[in-house]
Every structure is written in structure tokens, then in C-alpha cells.
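K.L.:
Chains as they are written, first to last, in our numbering: chain U, 1358 to 1470; chain B, 520 to 631.
Accuracy of the hints is not assured; some may be wrong.
[To be verified] So the derived list for chain U, only partly shown, Cβ under 7 angstroms to chain B, looks like this:
id	residue
1	Gly-1399
2	Lys-1458
3	Gly-1462
4	Gly-1464
[Unchecked claim] Cross-link-like lysine-lysine pairs, in silico, DSSO-like; alpha carbons within 27 angstroms at most:
id	chain 1	residue 1	chain 2	residue 2
5	U	Lys-1428	B	Lys-618
6	U	Lys-1414	B	Lys-522
7	U	Lys-1371	U	Lys-1414
8	B	Lys-618	B	Lys-574
9	U	Lys-1458	B	Lys-578
[As the list claims (entries may be wrong)] Okay, the calculated beta carbon distance ranges per label pair:
id	chain 1	residue 1	chain 2	residue 2	range
10	B	Gly-535	U	Thr-1436	46 to 54 angstroms
11	U	Arg-1401	B	His-595	21 to 29 angstroms
12	B	Thr-537	U	Thr-1436	45 to 53 angstroms
13	U	Ala-1438	B	Gln-591	37 to 45 angstroms
14	U	Glu-1426	B	Leu-589	43 to 51 angstroms
15	U	Gly-1420	B	Asn-615	22 to 30 angstroms
16	B	Lys-576	U	Pro-1365	35 to 43 angstroms
17	U	Ser-1468	B	Asp-558	15 to 23 angstroms
18	B	Gly-535	U	Ala-1438	47 to 55 angstroms
It should be emphasised that the hints constitute simulated quantities derived from the structure, not laboratory data.
Remember, it's a predicted structure, so these values are computed and weren't measured experimentally.
We put the CB at the ideal spot given by N, CA and C, even for glycine.
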Amino acid sequence: DGGITQSPKYLFRKEGQNVTLSCEQNLNHDAMYWYRQDPGQGLRLIYYSQIVNDFQKGDIAEGYSVSREKKESFPLTVTSAQKNPTAFYLCASSPTTGREKLFFGSGTQLSVL
Amino acid sequence: SQKIEQNSEALNIQEGKTATLTCNYTNYSPAYLQWYRQDPGRGPVFLLLIRENEKEKRKERLKVTFDTTLKQSLFHITASQPADSATYLCALDPGNTGKLIFGQGTTLQVKP
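Same shape as in the complex, but just chain U:
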């Protein structure tokens, strides 16, 4: 089955710890995205990548980092600099950027211990 796989479903972070959220897609899509969702709020864009080895900051990139070494993979690292990391993180992909619908993964809930 084609789709986007996010793991883990639930993740807990200790103070001062970096954690990495996985996102893998087998849709052969060029563009990939990371969004953050807080309760009662819309999705906010963290980072996006239009092509392998290239990525751009979204609206709330501070405290996060990404890499795009392979077309299929776009991991997100939540660093210790992100002081309020508790949120639902969503990865998405689209064939290209612009005028395309997004395909979302099932999300990762990150909580702070």
C-alpha cells in the first residue's frame, strides 16, 4: 500500500533531550512537509522540502531541524532549544509544490516528561 508512515505514534521527551520523529513515504513524491498542531489550533508549517538535499524553513522553524538525504525520508528533530514541544506533529507529502493536495501521515504525539 502506498502512503506516508510516521513513527512513533507517541513519544516522550525529557528536559534537554533531542528527539527525532520519523517520516517515510513510498508515493514517489518530491515535496514533503512537517506541520505542528496544538489543541484547537490549525496546522502550522515547521519545515518543507521541495526536492532531495533541499529544505526551507516554515513559519515556526526555531528549535527544529530536518534533513532530506533520500526522497522517501524527511525526519524531524525536536531539539532542546524548543521550549514548548508538546504537540501533535504531522508529516505530509505532495507530488510537487503548488496546487497539489497534501497526503498526511497519521501523526506523532510528542509530550514532555
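Following the hints, position chain B against chain U.
P.N.:
Just chain B now, kept in the frame of chain U:
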């Protein structure tokens, strides 16, 4: 400031009725607008895309309108069913760059 707004209050309707959800935006001139459905603890699922030169678009029991003068999109679900209960998100691409921004979503509850 630029923003996109949906009614944050939940919409409760009776099964069989038509649900109408509103998406308003300011200071944008988007070329298209999208609607997604999100169930609790899951990722959004794409429903419909409407372009600026389209007044209305339909898909089965769903209908979307797009008024670029009013800067508003309406999303209708006719003959609503309890299975339609979910949060519905609108999204637009301000600069036509593929960077979608989302409204906060409206939760629809359809009662049997």
C-alpha cells in the same frame, strides 16, 4: 495581518440536515483553496480543491463555493450522517508556492 479563520465553535446538527461550514480569509488573493477532514488523533484527509475561477465544486454529498470578492469559502455537506462527524479544515496557499496555511478547523457533530 494575514489570517484564515473558521468558526471555532462546534457545529451540531441533526442527521439528514445540511451542514454549512465557513472559511474566511483576509489580505490574501489565493489561486485556490482546499478542504480537509480530520478525525481525532489522525492526519487530515483531502476532500476538495476549488480554484479562483470556479464558483462551485461538488463531490457526492459535498459542495464547496469560493467567493473571491467576499474572501470566503463555504463547505456544505448535504444529507448529513453521524459518520460525517469530524473536524473540517480549510487551507490556502497565499503565494502559490505550495506552502499551505490552515484555518483552526470547525468540529461538526451530526446527531442521529
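K.L.:
Among all the numbered hints in the text so far, which are the ones the structure does not match?
P.N.:
The structure breaks none of the hints.
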